[in-house]
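A.B. asks: Line order of the protein sequences matches chains A and B.
Position one of the first sequence corresponds to residue -19 (our numbering), numbered consecutively onward.
Position one of the second sequence corresponds to residue -19 (our numbering), numbered consecutively onward.
Calculated from the structure, these hints are not laboratory results.
The list treats identical chains as interchangeable, and a pair is accepted whether it falls inside one copy or across any two copies.
Derived pair list, reagent style DSS-like, types lysine-lysine, alpha-carbon separation capped at 27 angstroms:
(1) Lys35 with Lys5
(2) Lys146 with Lys169
(3) Lys169 with Lys5
The lines below spell out each chain.
2 protein chains.
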Amino acid sequence: MAEVFPEPLRRAIRALSLLPGLGEKSATRLALYLISHPERAGELAAALADLPRVKLCRECGNFTEGDLCRLCQDPERDPTVICVVEDPAALSVIEGTGAFRGRYHVLHGVLSPRDGLGPSELRFPELLQRIRRNGVREVLIGLSPTAAGEATAAYLLEILREFPVKVSRLATGLALGMEVRYADPLTLKRALAAREVLKD
Amino acid sequence: MAEVFPEPLRRAIRALSLLPGLGEKSATRLALYLISHPERAGELAAALADLPRVKLCRECGNFTEGDLCRLCQDPERDPTVICVVEDPAALSVIEGTGAFRGRYHVLHGVLSPRDGLGPSELRFPELLQRIRRNGVREVLIGLSPTAAGEATAAYLLEILREFPVKVSRLATGLALGMEVRYADPLTLKRALAAREVLKD
Ligand SMILES: [Zn+2]
Ligand SMILES: [Zn+2]
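Put together the whole structure using the sequences plus the hints.
C.D. replies: What follows is the structure, given as structure tokens:
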């Protein structure tokens, strides 16, 4: 449809339509909006240029600008309870409930042989190191109850067997097949309160 | 929800959530995608930086990089029939049908007193100039059959009354209240073929 548009506009439409969830129609709508709102385009370009400043917290793997994310720097948070999550989006939603006051550990994925994600691609060694070092009492598995999430939880339980830690996981008040990142705060709150103990 | 994220990431989420149709949830999803796909973020940033190269065709008001858009430069197109459209998105959809071989004129809006869009904000004078200069035989009103579109069509018919041109408009095979830019090609094709003559 965009053949009547000049190249810079078509290029913006292409760049936008490569983003997840944006088809050519929404990409065109956004590009036309950006052309007539150059200040918005400028803000977005500046924000994009700044994104490389984001790195991973060396402790938990959450996004951060410094070495340690703000959660790992917070002395009020219990360092002996670690909630393991798939990605920073899941962390953000769990944190949004206000019902968890421990620390997090971001795996940056779940086991998925099809996508070439085996144990060595995820941040398991860093988790074990934290458990050894910090007197961790409980690992709360905050993974989605999807097939890949369940497989990852089973693997975690396996490698944690030799450690003197309690292992729990979010109660599956979560509908099966649903992803944590899209859960509503109330359901999540209940799932946090009713977490099942897998190993004690 | 994004309070756990570092400032550059929150800034990207903010910039994206200011775009039409993107709520905080989709903005967050896109920003997280862009963090893990820096090449996509780079393409988008470069495309945004290039957008100011887009200007308006001095003849028809379509987007262009040069002085004249590619449609106005095409000698195969009939310069004596002009289709008046609201914006380049509408032009692009009409052009996509392949059923119109004349020229376009982009008003860049429709009359909307509420939004401060009166006749002097739209490109009516340029249209009259083209009609005077180029021996135009027919003006085809390609505006949406919405309240504002109808008002603009009525105004157009009024100012064209003194000119020796035929005035037609898209047949309202289009559902009332629907916008041209979202119409499907088949409906549009029929509306082009069955255009009503308003003045002959
Ligand atoms: Zn951290
Ligand atoms: Zn033109």
